[in-house]
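> Sequence:
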Amino acid sequence: MRLDGVVLSAEEHKSLTLWLDGRKVRDIPLVRRRWIPAYFHFHLKREVLARFPSTGTMALTTPDGKVVSWRGCSEWRVKIPHGDGRLFSTIESGGSVDKKGFLAPTPQQVRTRQDRYLEIYQEANAFFSQHWGSPMLLLYGTLLGVVREGDFIPGDDDFDAGYVSNKGSPGAVKQETMELVVQLVLHGFSCRALVDTHFVIDAHAMFSLNSTTKTPAGGAP
1 MRLDGVVLSA
11 EEHKSLTLWL
21 DGRKVRDIPL
31 VRRRWIPAYF
41 HFHLKREVLA
51 RFPSTGTMAL
61 TTPDGKVVSW
71 RGCSEWRVKI
81 PHGDGRLFST
91 IESGGSVDKK
101 GFLAPTPQQV
111 RTRQDRYLEI
121 YQEANAFFSQ
131 HWGSPMLLLY
141 GTLLGVVREG
151 DFIPGDDDFD
161 AGYVSNKGSP
171 GAVKQETMEL
181 VVQLVLHGFS
191 CRALVDTHFV
201 IDAHAMFSLN
211 STTKTPAGGA
221 P
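Residue numbers (the numbering used here): 1 to 221.
Think of the hints as simulated: they come from the structure by calculation, not from any bench. Remember, it's a predicted structure, so these values are computed and weren't measured experimentally. Be a bit skeptical, because a hint or two may be false.
Derived pair list, reagent style DSS-like, types lysine-lysine, alpha-carbon separation capped at 27 angstroms [stated by the list, open to error]:
#, residue 1, residue 2
1, Lys99, Lys14
2, Lys79, Lys45
3, Lys167, Lys79
4, Lys14, Lys100
5, Lys99, Lys66
6, Lys24, Lys79
7, Lys45, Lys14
8, Lys100, Lys66
9, Lys24, Lys14
10, Lys66, Lys24
11, Lys100, Lys24
12, Lys79, Lys66
13, Lys14, Lys66
14, Lys99, Lys79
15, Lys79, Lys100
Derived CB-CB ranges, DEER-like [unchecked claim]:
#, residue 1, residue 2, range
16, Ser89, Thr112, 46 to 56 angstroms
17, Trp70, Ser190, 40 to 50 angstroms
18, Ser89, Val164, 43 to 53 angstroms
19, Cys191, Arg32, 38 to 48 angstroms
20, Val67, Leu144, 37 to 47 angstroms
21, Gly168, Glu92, 38 to 48 angstroms
22, Arg32, Val147, 27 to 37 angstroms
23, Asp151, Asp27, 18 to 28 angstroms
24, Glu92, Met178, 18 to 28 angstroms
25, Gly65, Glu179, 40 to 50 angstroms
26, Gly85, Val6, 40 to 50 angstroms
27, Glu149, Glu92, 20 to 30 angstroms
28, Gly65, Met178, 49 to 59 angstroms
Glycine included, every Cβ here is placed at the ideal spot set by N, Cα and C.
Produce the complete structure using the sequences and hints provided.
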């Protein structure tokens, strides 16, 4: 379910609140650009809609409680025939709808997932160190959590790591990466495109080119 629109009277608010049957689902950020009205875009994913009631009433309000109307309508009816009505019981148990519109896990589910990531990382790091000539290095949010807190960032539900490649061109790194996938599979690991929310460690290749360290996200001196 996509929610899109412009808000002409949002003053300086930074977000809107999405309601379902009079209960808060989450806040939706307002995007502001020069010369155009504030607008919003949010996509509720299928797994969230499956927790909706089979019928319900939705509405949007500003943080101070003003209803965001459309053509004089202050709310709208939705029908989700397969909805099981468990959205708010999930939220009350610690779950939430995240910023990407997915159903976020409860704190206990996150902790369980993080522990599993550490188990996989230990095994993968041993492979990289023994068979690939480079240990797995922590990156991005995973590294930030270790530096700041000695742990995962609270609520972090992914794991970023990388390895150093000795190859000197993007093409060579690409070929090496394909060979790496084969070796990982032969050593008992599962490699897949990121199309679901199973336990996945993102392993990024890093290499030097013209005195610049290259990563999938760009380069740094």
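> Next, verify each hint and record whether it holds.
Going through the hints against the structure:
1. Lys99 <-> Lys14: The given pair, whose Cα atoms are some 14 angstroms apart, holds under the 27 angstroms limit.
2. Lys79 <-> Lys45: Holds: Lys79 and Lys45 sit about 15 angstroms apart, inside 27 angstroms.
3. Lys167 <-> Lys79: Outside the cut-off at roughly 54 angstroms; violated.
4. Lys14 <-> Lys100: With a Cα-Cα distance of about 17 angstroms, the restraint between Lys14 and Lys100 holds, given a limit of 27 angstroms.
5. Lys99 <-> Lys66: Status holds; Cα separation ~22 angstroms.
6. Lys24 <-> Lys79: holds, 18 angstroms
7. Lys45 <-> Lys14: Since the Cα atoms of Lys45 and Lys14 sit roughly 23 angstroms apart, the hinted pair holds (cutoff 27 angstroms).
8. Lys100 <-> Lys66: Status holds; Cα separation ~25 angstroms.
9. Lys24 <-> Lys14: Answer holds: Lys24 to Lys14 is near 17 angstroms, not above 27 angstroms.
10. Lys66 <-> Lys24: Roughly 14 angstroms separates the two Cα atoms, so the pair holds.
11. Lys100 <-> Lys24: holds, 17 angstroms
12. Lys79 <-> Lys66: holds, 25 angstroms
13. Lys14 <-> Lys66: holds, 14 angstroms
14. Lys99 <-> Lys79: Judged against 27 angstroms, a Cα distance of about 23 angstroms means the pair holds.
15. Lys79 <-> Lys100: holds, 22 angstroms
16. Ser89 <-> Thr112: 46 to 56 angstroms: violated, 20 angstroms
17. Trp70 <-> Ser190: 40 to 50 angstroms: holds, 46 angstroms
18. Ser89 <-> Val164: 43 to 53 angstroms: Since the Cβ atoms of Ser89 and Val164 sit about 47 angstroms apart, the hinted range of 43 to 53 angstroms holds.
19. Cys191 <-> Arg32: 38 to 48 angstroms: holds, 41 angstroms
20. Val67 <-> Leu144: 37 to 47 angstroms: holds, 39 angstroms
21. Gly168 <-> Glu92: 38 to 48 angstroms: Violated: the Cβ-Cβ distance is about 55 angstroms, outside 38 to 48 angstroms.
22. Arg32 <-> Val147: 27 to 37 angstroms: At roughly 32 angstroms between Cβ atoms, Val147 and Arg32 fall inside 27 to 37 angstroms, so the hint holds.
23. Asp151 <-> Asp27: 18 to 28 angstroms: holds, 26 angstroms
24. Glu92 <-> Met178: 18 to 28 angstroms: violated, 46 angstroms
25. Gly65 <-> Glu179: 40 to 50 angstroms: violated, 59 angstroms
26. Gly85 <-> Val6: 40 to 50 angstroms: violated, 32 angstroms
27. Glu149 <-> Glu92: 20 to 30 angstroms: Holds: the Cβ-Cβ distance is about 27 angstroms, inside 20 to 30 angstroms.
28. Gly65 <-> Met178: 49 to 59 angstroms: holds, 56 angstroms
Checked against the numbered hints listed earlier, the structure breaks hints 3, 16, 21, 24, 25, 26; every other hint is satisfied.
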